[in-house]
Each structure stands twice: as structure tokens, then as C-alpha cells.
Amino acid sequence: GENVEQHPSTLSVQEGDSAVIKCTYSDSASNYFPWYKQELGKGPQLIIDIRSNVGEKKDQRIAVTLNKTAKHFSLHITETQPEDSAVYFCAAGGGADGLTFGKGTHLIIQP
Amino acid sequence: DAMVIQNPRYQVTQFGKPVTLSCSQTLNHNVMYWYQQKSSQAPKLLFHYYDKDFNNEADTPDNFQSRRPNTSFCFLDIRSPGLGDAAMYLCATSRVTSNQPQHFGDGTRLSIL
Numbered sequence: 001g002e003n004v005e006q007h008p009s010t011l012s013v014q015e016g017d018s019a020v021i022k023c024t025y026s027d028s029a030s031n032y033f034p035w036y037k038q039e040l041g042k043g044p045q046l047i048i049d050i051r052s053n054v055g056e057k058k059d060q061r062i063a064v065t066l067n068k069t070a071k072h073f074s075l076h077i078t079e080t081q082p083e084d085s086a087v088y089f090c091a092a093g094g095g096a097d098g099l100t101f102g103k104g105t106h107l108i109i110q111p
Numbered sequence: 001d002a003m004v005i006q007n008p009r010y011q012v013t014q015f016g017k018p019v020t021l022s023c024s025q026t027l028n029h030n031v032m033y034w035y036q037q038k039s040s041q042a043p044k045l046l047f048h049y050y051d052k053d054f055n056n057e058a059d060t061p062d063n064f065q066s067r068r069p070n071t072s073f074c075f076l077d078i079r080s081p082g083l084g085d086a087a088m089y090l091c092a093t094s095r096v097t098s099n100q101p102q103h104f105g106d107g108t109r110l111s112i113l
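Chains B and A, in that order, give the protein sequences. Residue 64 in our numbering sits at position 64 of the first sequence; the count goes up by one each step and never skips. Residue 13 in our numbering sits at position 13 of the second sequence; the count goes up by one each step and never skips.
It is worth saying that the hints were derived from the structure and are not from the lab. Glycine is no exception: its CB is placed at the ideal position from the N, C-alpha and C atoms. Each hint should be verified, as a subset may be incorrect.
[To be verified] Covered stretches of chain B (chain A as the covering partner; in silico rule of three or more C-beta atoms under 8 Å from a C-beta of chain A):
1. 30–39
2. 43–51
3. 85–94
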């Protein structure tokens, strides 16, 4: 089955700086890579996703890059704001088994 | 407006006393999932329904069961909760299982006394 590794587990950045979270996956058949943001006491919310026929996708301050050859994908958040503080999960999927999640990154934005 | 609704948000039950968690959706999605999430961990898939077809994960304990009486509703039954079952339980939906976003509810936090 699929295995997703996510790093770092905790990331602290100054407000206004950029944050990068990286994930690797093992199953070359995976072709869908979403990123979720989870705030305390809430369910994960989809913030951006990318499919394997695309190398990069951007939505305002958030971007995701995908390297299929190396089997890794990354989340980039620019101009970080206090409301970006949360736990972020990457995931990989594409088959009938649905998504496999990474272990999460706790992003802390320092004022 | 919430599209995946879980009730209750907090549930307390006694050790060994059966408990049922509920989930409803307004998205008319084919697939409904139940995840268990423990503190500081990723969501762990327990099972999912594709329409009426039930798909159990290999390592989901027999203590956990699910029912989906119609497209909109899905229930998680824990027959004899143990202390290790205290967790957040998340329901999610998607149009199909592959290549599609999953939409999560805000979860039910289950405590075992």
C-alpha cells in the first residue's frame, strides 16, 4: 500500500516569512495529492490539491509543487499570517483505497 | 453552510457501553468515510461506503461497525468501547474514491469513562 512521509513535524516561522512543508510518497500509481489544514477542534479542510499531470499549482499565497520522478510534493505558503497557524496534512491517493495521509506538520506563526 | 455534519460534537460513554456516532451530508456524494484521529496523529481510515458497498480496512477492529441507511446518512457504532477508543472520529465524503477531494465534518470527540 501507499506510504506518505511528511516533514517537518513542527515548523515555526516569523510572520511574513515563507513556510515550506515536504512530503514523499511510495506508490507510483498515486495521482492525486491534496493538502489539508486542520485547526484546533475542527475537521481537516482542503486548501489546495494537485493531480499528477500538473507540476505546480498556485492559489493566492499557497502553492503546491509535484515531482513525480522523485515522488515528492511540497506546500509553499508565502507572506505567512497568524491565521495560518494550524496543523497541515499532505495526502496521496488515486486508487480505490482512497487517501493515505502524512503525519502532519504543526505550523506556528510567530508575531 | 456545513456540508458534512457530525453529531454530537462531544460524546461521553462508559467503558463497554455501546455508542453510536452520526454523520450526514448535503453534497449527495457517493462515498462516505469514517476516520479515527488520536491526538497529534493523522486521520486513520476505519472503513468507507461506496453507495451501499461497505469496505473495511484490514486493521479495523471488529468492535467498530458502520451503517449507511441512505445516501445522506452514515453511522459509526462502537459495540464495546475501550479506553483506547477515546479519540476524535471524523466523517468525510467524496464523489468517488479516487482522484477526488474528501470533505470532512468537524468530528465527534469521544471520551470513555
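So, going through the hints one by one against the coordinates:
Against chain A, the stretch 30–39 of chain B contributes 4 residues with a C-beta closer than 8 Å to a partner C-beta. That satisfies the three-residue criterion, and the hint holds. For the stretch 43–51 of chain B, the proposed coverage by chain A is satisfied: 6 residues have a C-beta within less than 8 Å of a C-beta in that chain, meeting the threshold of three. Counting residues of the stretch 85–94 of chain B whose beta-carbon sits less than 8 Å from any beta-carbon of chain A gives 3, enough to reach three: the coverage restraint holds.
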